[in-house]
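K.L.:
Here's the letter readout for the chains.
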Amino acid sequence: MSSSTQLDPRRYAALARDGLRSVTRNEFVRSLPFLVVPAILVGVFVYGSIVWNFLLSLTDFRGFGDPDYSSLDFEMYATMLSDATFVAATRNTILLMLGFTFLCLVIGLLLAILVDRDVTFEGSVRTIYLLPMSISFVVTSIFWAWMYNPSNGVINLSLRAVGLGAVAVDWIGNPRTQLLAIVVALVWQFSGLTMIIFLAGLRKIPRDQYEAARIDGAGIRVRYLKVIIPQLKTSLFSAIVILVLFSLKAFDFIFVLFGVSPGPGADILPVMMYREAFSANNWAYGSAIAVVLLVATIVSLVPYLYYQYQQDIL
Amino acid sequence: MTRSRSESTKDATVVSGSVESLFAEVSVRRVLLYVVLATAAVLFLLPLESAAMTSFKTVSGFAETLPFAPPPPDAATLAGWTQSWNALRATMLNSAMFVVPATLILPVLGSLAAFGLTITDWRGQLPVYILFMIGIFIPLQAVLVPLSITWQIVDVTTLLANLGPVNLWALPLAKEHHAQFVELAITHISFGIPLSTLLFRSHYKDLSDEMLEAARMDGVGMLTIYYRIVLPLSKPVFVVVMILAFTTIWNDLLFALVIVSSPAAEPVTVAFASLAGGMVQQFNVTMAAGFITALPTLLVYIMFTRQFAEGFSQTGV
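One line per chain: the protein sequences are A and B, in this order.
Its first residue numbered 1, the first sequence is counted upward by one per residue in this note's numbering.
Its first residue numbered 315, the second sequence is counted upward by one per residue in this note's numbering.
Hints in this document: simulated from the structure, not taken from any laboratory.
None of these values were measured; they are calculated from a predicted model.
The beta carbon of each residue, even a glycine, is placed where N, CA and C say it ideally should be.
Be aware that one or more of the hints could be misleading.
Unchecked claim - Here chain A is said to cover these stretches of chain B; the calculated rule only asks that three of the stretch's residues, wherever they fall, bring their Cβ under 8 Å from a Cβ of chain A:
| no. | region |
| --- | --- |
| 1 | 378 to 388 |
| 2 | 480 to 491 |
| 3 | 538 to 547 |
| 4 | 581 to 590 |
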């Protein structure tokens with residue numbers, strides 16, 4: 001009896017070896033060396049920062065010194081609701097996002113359909129349409145400021161040339177046209193990318209479907225509306241995601257042209273967040289605006305993520 | 315025979331007639347198509363073209379000529395370019411100091427993570443992958459305040475000074491403000507990993523399972539599989555990710571604004587923004603400065619247009 005409870009040292013060693021082997025054979029352990037560094041970086045800097053930012057938004061942290069985590073409440077979020085600046089910035093953000101995304105989708109789809117018709121210089125045309133994407137928004141904002149220049153800019157000179165001098169206003173100086181001016185410049189920058197996404201989608205549709213619809217006597221408009229465009233759902237979804245994300249990049253544009261205080265005509269949440277936190281040192285309030293922006297972005301992307309899950313793309 | 319001949323000629327005329335009308339219709343359509351595409355191309359190039367022309371003009375030149383017209387001989391000058399080059403030269407180097415290392419490290423980490431999340435099979439793999447994927451969609455504003463506090467607390471300068479056997483900052487060419495390049499690089503890498511992982515993973519999913527399984531059955535270690543089989547097969551993805559990373563990080567403004575505290579470490583985008591803000595009316599200087607700032611990414615774009623398009627169009631996939 002005593003001999004059976006007493007472990008033979010040789011057997012013990014073998015067990016330990018087996019145990020060690022099963023640990024090294026464990027799939028999770030085997031993938032660790034590959035995951036450790038990226039996971040720590042993402043965990044600490046991305047998710048750690050998000051959690052910390054949420055905590056900061058519950059404090060009253062402002063000015064200089066250290067945040068006080070002893071009394072946490074949603075005061076900053078209550079302040080937001082009665083802050084006219086926040087309401088205006090939210091309105092502008094939504095308008096900009098919708099206008100920009102819609103225009104990019106329409107122009108991108110039209111260009112993709114045109115480029116898809118066996119164009120001789122397809123490569124050059126694509127290169128030109130996508131060219132603005134490679135330039136920093138910081139730079140293109142200044143190029144567009146020159147386009148919009150009230151006296152010497154291309155836009156107003158063209159308008160005057162065709163007899164529309166009456167509408168040749170100071171596009172980025174006038175609070176009523178600022179947002180439109182920003183949207184046009186952003187559409188210029190991103191519609192090429194939208195075209196590339198739709199073009200890739202069009203190329204995935206089998207050619208015989210075009211032919212079948214044509215033989216059935218469908219006109220070109222019907223062919224596209226009824227047969228081709230409904231099949232671009234995946235492209236449409238990914239284009240919307242990219243555009244919604246990039247619309248937040250309007251920050252660069254507005255920051256360079258107007259600084260941190262663009263006024264109610266061009267203020268958007270990313271700019272307001274930066275102003276409150278880094279210019280006015282209202283850290284907690286800035287963090288709270290950032291939380292709203294984060295939640296709004298993720299919520300607006302849920303349908304897309306669900307779609308991907310359904311399509312088993314994950 | 316005569317009849318058949320007449321019939322065949324009739325057929326021929328009918329056919330040639332319809333071909334002609336078809337040809338005419340098609341060619342009108344084609345011409346229209348090319349006109350629309352060319353007009354769009356002109357509209358896309360116009361802001362760049364008028365900026366380029368303006369950059370070579372004198373002050374009186376851009377005030378008096380059309381913005382898109384080439385500079386007349388008496389109003390042409392390179393002053394805008396030399397002035398902005400002198401103002402931005404040092405900051406171009408600053409940008410390169412963190413953009414290049416980040417561009418090289420990011421695809422390596424993305425590829426490693428994608429391998430760890432694709433080839434193996436363990437519980438919790440999908441949630442981890444979903445967390446990585448959500449990382450793509452995080453607006454940078456949501457992390458700015460914590461990041462700025464983090465890099466104030468973490469004293470990279472002192473850490474690096476005590477890291478090796480000698481004080482790093484005592485080495486020739488090393489300056490203490492270079493520590494901020496390390497901060498910028500680490501931040502950009504962390505926020506680039508999710509997208510980079512996604513791009514690699516969508517490639518690794520297509521790799522032959524049988525081949526990898528066979529290698530594993532033969533007792534080949536994971537590291538060897540990665541190094542010998544997977545890595546050589548992912549060269550094209552490396553190019554795509556590197557181009558995406560280089561363009562995004564070079565063009566970034568927000569992280570630099572928040573993280574860089576020493577003016578000596580300013581990247582070119584920040585320097586350009588303040589130069590453009592300070593010289594509102596000297597359009598020749600600001601336009602030239604814009605092209606200088608954009609030059610590296612423009613060159614990368616022209617050399618790797620296809621990979622650039624591939625990378626950016628998969629941002630949301």
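K.L.:
Taking the hints in turn, state whether each one holds.
P.N.:
Here's how the hints hold up against the structure:
no.	hint	verdict
1	378 to 388	holds (count 3)
2	480 to 491	violated (count 0)
3	538 to 547	violated (count 1)
4	581 to 590	holds (count 4)
The structure is inconsistent with the numbered hints 2 and 3, although it conforms to all the rest.
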